[in-house]
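Going left to right, the sequence shown walks through residues -15 to -1, 1 to 396 as mature numbering (1 follows the signal peptide of the UniProt record, and there is no 0) numbers them.
The reader is advised that the hints may include incorrect statements.
Label pairs and their computed distance ranges (CB to CB) [claimed, not checked]:
1. 179 / 134: 37 to 43 Å
2. 169 / 48: 15 to 21 Å
3. 89 / 245: 42 to 48 Å
4. 35 / 205: 30 to 36 Å
Here are the simulated lysine-lysine pairs, DSSO-like style, with alpha carbons at most 30 Å apart [as the list claims (entries may be wrong)]:
5. 68 / 86
6. 372 / 385
7. 396 / 385
These are computed hints drawn from the structure, not numbers from a lab.
Keep in mind it's a predicted model, so treat the numbers as computed, not measured.
Ideal Cβ placement from N, Cα and C applies to all residues, glycine included.
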Amino acid sequence: MKLSFFKVLSTSAIALVFVWTNGCRPIDSSFDPSTIPTTIEGEYIVVYKKDPMAGARIDRTFQNLQKANRQFTNQFLTQFHVKSTAVQHVFSHALFGFAAKLTTEQVTALRQDPRIDYIAPNQASLPDVIEGEVTEKGAKAAAGQEVPWGINSVGGFVDCSNHPNVVYILDTGIDLDHPDLRIDVSRGYNVFTTGPDAQTLDDLNGHGTVVAGIIGAVNNSIGLVGVAAGVRVVPVKTKGKDNTSTVANTIAGLDFVTANARSGDVVNLSLGFAANQAADDAIVRMMSRGDIYAAAAAGNVENGNRDANKISPARVNTTNFYTISAHDQSGNFCGSFSCMGNPPIDFAAPGNRIKSTYYNGGYVNVYGGTTLCTAHASGILLVTKGKIYSRGTVKNDRDKTPDLIATRTPK
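Between the sequences and the hints, there should be enough to build the whole structure, so can you do that?
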């Protein structure tokens, strides 16, 4: 999920320091993420009942199916007076359908077409909900290498520099030149076609680089180390430089991963939306492959502890898909920012006062967020080939069903 310090950092600052607070802040029971107005007016996700390319004589690569589906969709939409320029994405693997800018009249007409299964609103990602803490933007690595407490909490790091699999990170990109990361740009993907984010897979915000470091910072003599140290991380840019995304952009990223991931690969989803059927269905279809693993953030809640069942894709329950809440260094559930609910939450992982890599070759200390615990879980999934073990339960879980504390090591 989004961390607000990425928004508020002064671009001229070398370091911003805030005082650590003790424990988690009081909850605000009045906050309900499902009431946040995130629907993007005039933008929709349209899902076909069947694969329009089923039976077509075509080499079913991602690129070929994208091209064929766009041609089909453009032709299909002419009868509804929708211009091809209104089509934002086409989906050929995680969903069969497209995202487009449509009028109310066009939506009404499409819903009456027997080839359409349903139409969902496009939505923006949930807004900033927590505050940043200590950061050293652009700071260079200190002498020696640190093992952050979160890495030790999940059973320590494993050197994965020769691991055959990768972790796909759907996020703001990754700092492509960071000395403490191994990035597989050749397998990356960018859903943006216009604006500064379309020009590069490089991280223009910092969020994706934080995730990458927790998962796989290299076991070397500098900086810090990740859970799956040295694993190749793959940037799938679905968030902009302001660390916001849309359901349509996220599904476009999931579509790419569904088509291109190899058996044993891991998908990190440190993101969230108010409940959305299309987002959930894309996850279910991606995971129906049966040979990849994914971790998703339970969701952050501003000054409150609310229900992960109201957050997509956190609310999804399907095979090899894990929804992760946050705990602190003392094993307390982080109710000040982490959503609750079991189901869908499967495990809790470190999510408070976490150190990681940052963009511009830097390092950062983050107050907290379910972004962080999700990244720990993704590292575990890579190391264990899809298993997460438990070493007990969190304390002070406010839904009265304590979440299991995640570790990579069986008892």
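Status of the hints after comparison with the structure:
no.	hint	verdict
1	179 / 134: 37 to 43 Å	41 Å, holds
2	169 / 48: 15 to 21 Å	18 Å, holds
3	89 / 245: 42 to 48 Å	36 Å, violated
4	35 / 205: 30 to 36 Å	50 Å, violated
5	68 / 86	9 Å, holds
6	372 / 385	25 Å, holds
7	396 / 385	24 Å, holds
Hint violations for this structure: numbers 3, 4, all remaining hints satisfied.
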